[in-house]
Amino acid sequence: MKGIIYNAVEEAVTELYSADTWDDLVEAAGIDGSYTAIGTYDDNDLGRLVTVGCEATGLDAGELVRALGRQAFGHLARRHPEFLVGMESTRAFLVSVEDIIHPEVMKLHPDATPPRFSFEDLPDGTLRMTYHSQRKLGVLAEGLIYGASDWFGEEATITLVDGAGAERTTYDIALAPAAVTSDA
Amino acid sequence: MESDDPSKRIQRLERRIQRERTAREEAESIADRRMRELWIANQDLDRRVADRTESLEVALEQLERATNATAGFFSSLSHEMMTPLNGIIGMLDLLADNAYTETNRSWTEAALKSADRLSFLLHRLLDLGEIRSGRVAFSVSQVRCGDLADQLAQQWQSHCLKRQKLLSVSSGASENAQIWIDLRLTERILAEFISNASLHAESGVVSVEVGVDDPAAPSWLTITVKDNGNGFVVPESRDLMTAMAEADHSPARTHDGLGIGLSFAGHLAELLGGRADIVSAPGSPTEVTVWIPNQEPANEESASSETTDAIPVNLLL
Chain W
1 MKGIIYNAVE EAVTELYSAD TWDDLVEAAG IDGSYTAIGT YDDNDLGRLV
51 TVGCEATGLD AGELVRALGR QAFGHLARRH PEFLVGMEST RAFLVSVEDI
101 IHPEVMKLHP DATPPRFSFE DLPDGTLRMT YHSQRKLGVL AEGLIYGASD
151 WFGEEATITL VDGAGAERTT YDIALAPAAV TSDA
Chain S
1001 MESDDPSKRI QRLERRIQRE RTAREEAESI ADRRMRELWI ANQDLDRRVA
1051 DRTESLEVAL EQLERATNAT AGFFSSLSHE MMTPLNGIIG MLDLLADNAY
1101 TETNRSWTEA ALKSADRLSF LLHRLLDLGE IRSGRVAFSV SQVRCGDLAD
1151 QLAQQWQSHC LKRQKLLSVS SGASENAQIW IDLRLTERIL AEFISNASLH
1201 AESGVVSVEV GVDDPAAPSW LTITVKDNGN GFVVPESRDL MTAMAEADHS
1251 PARTHDGLGI GLSFAGHLAE LLGGRADIVS APGSPTEVTV WIPNQEPANE
1301 ESASSETTDA IPVNLLL
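Protein chains in written order, with the numbering used here: chain W, 1 to 184; chain S, 1001 to 1317.
Calculated directly from the structure, the hints in this document are not laboratory data.
From a predicted model like this one, the values you see are computed outputs, not experimental measurements.
Glycine is no exception: its CB is placed at the ideal position from the N, C-alpha and C atoms.
Possibly wrong hints are sitting among the right ones.
Which chain W residues face chain S? A few, computed with CB under 7 Å, are given here [unchecked claim]:
hint, residue
1, Asp23
2, Gly30
3, Tyr35
4, Ile38
5, Gly39
6, Thr40
7, Asn44
Stretch by stretch, here's where chain W covers chain S in the computed footprint (C-beta under 8 Å, at least three residues) [to be verified]:
hint, region
8, 1006-1017
9, 1024-1031
Here are the computed distance ranges between Cβ atoms for each label pair [claimed, not checked]:
hint, chain 1, residue 1, chain 2, residue 2, range
10, W, Glu82, S, Ser1133, 23 to 29 Å
11, S, Ile1017, W, Glu82, 28 to 34 Å
12, W, Thr40, S, Lys1008, 28 to 34 Å
13, S, Leu1013, W, Leu59, 55 to 61 Å
14, S, Lys1008, W, Glu82, 40 to 46 Å
Full structure from sequences and hints, please.
Here it is, written out as structure tokens:
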């Protein structure tokens, strides 16, 4: 997995908890924990981090990865703002991932193996998305989509359709403008 | 608590710094490797570009050699053919003048006509060779329009008469205007158009008008050649070789090498810095206007004859 994902997870942990928490997780997981964005690292590092993270927080793996993914989107967006130029909605961004962002990633990192996404518009306006990857991290993608909807000021409702924790996971994504919260 | 113990706190921070340092060093190492790969790829590309360029240069050289050899062969062949052909024409002339019977005379004249046509084509081939070789001799001199008109009339009157065509050459208001041109090359251009018109003019009239744009201070010599023939399709291609390839080789063609001759004359006009505008269409009369710029030398001494090789050969090939 590319180091930029580990960087994003580290920043998410730091923002949600603290830098010390990240230190503790790295040590408890027994991993090196030194990640550079352009490097490639063992996929198992993430699994070990999640295992110890679950023990520390009491969350289940799905909830934790989803929360980290949601938080990590901001890091990725700040790191690569060029991929968001002209994007005005979560939907536009999502459909650009496969055709624009991942091809660009492959130019810089020919050894990268990003997940593939396929989309289908359902009659009710819902976007059906299928995640394909041997890493079986559909839930991380789910968290990142929540993060993208936060970024675009939208409210996402993501429903698992099929294949939880599998190499092929399908979600229905409903997007709506974020509800205006008022203290009045 | 660990964080309350200063020494533990320092150890934690040191480990954090170490992780950062390790990450940085790895990033630097990756960047170094990428730079090296890029450099090697660049070297490879440079080498491939150099190899391809060399191959292309060799191919170009071979092509030029082959083209020059072909051109040389045609030029030599044309020269070699001219000598016996001149002999044939000379003898045919004598025969025509001393024919015993009218039938003999008409046969001899028919043979002479064919020989003339062959001679015309051979001259054209020689001209083409001269231009293709990139060496055309330029010689600029001052010419009076009225004199040029008289000269053209003298040169072409008998040619037109032999073809039952009446030639009318005039210089009108420009008669006394003087302009600096290469007379030899200008005449070669006009030879194409006048001989062409003499073949086409149906009712036997070829008119040539010699003029200038401004008789007091001429910048351009303009010569218009008109016939009232049936016209032709003006060749689209300005490229001599293409014109040659596209020339009508069918038995139904009416005139030899029309496209080649017009393209040739057009290119000669361009070599002189001018142009030739051809207005014609099947069923309509033809009007050709040749524009030749005034080439008055800055210093009269430099008006002497000179040979230049500054001819853009790619105009033709």
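Let me know if the C-beta of Gly30/W comes in closer than 7 Å to any C-beta of chain S, holds or violated.
This hint is violated: Gly30/W lies away from chain S, its Cβ roughly 13 Å from the closest one there, beyond 7 Å.
Using 7 Å as the Cβ threshold, decide whether Ile38/W counts as touching chain S.
Constraint on Ile38/W satisfied, holds at 5 Å.
For the restraint on Thr40/W, tell me whether the closest CB of chain S is nearer than 7 Å.
Violated, about 9 Å.
Can the hint on Gly39/W be confirmed by a CB-to-CB distance to chain S that is less than 7 Å?
Interface hint status for Gly39/W: holds (5 Å vs cutoff 7 Å).
Closest C-beta approach of Asp23/W to chain S relative to 7 Å, hint status:
Nearest chain S Cβ about 6 Å off; hint holds.
Regarding the hint that Asn44/W lies at the interface with chain S, is the smallest CB-CB distance below 7 Å?
violated (18 Å)
When I compare C-beta atoms, does the region 1024-1031 of chain S have three or more residues closer than 8 Å to chain W?
holds (count 5)
Outcome for the supplied range 28 to 34 Å, where the beta carbon pair is Ile1017/S and Glu82/W
holds (31 Å)
Does Tyr35/W hold up as a contact with chain S if the rule is Cβ-Cβ below 7 Å?
holds (6 Å)
8 Å C-beta criterion, at least three residues: is the region 1006-1017 of chain S covered by chain W:
holds (count 3)
Taking 23 to 29 Å as the stated bounds, is the beta-carbon spacing between Glu82/W and Ser1133/S within them?
violated (58 Å)
Could you see if the CB distance from Leu1013/S to Leu59/W stays within 55 to 61 Å?
Violated - the Cβ-Cβ distance for Leu1013/S and Leu59/W, about 28 Å, lies outside 55 to 61 Å.
Hints 2, 6, 7, 10 and 13, counting from the list given before, are not met by this structure.
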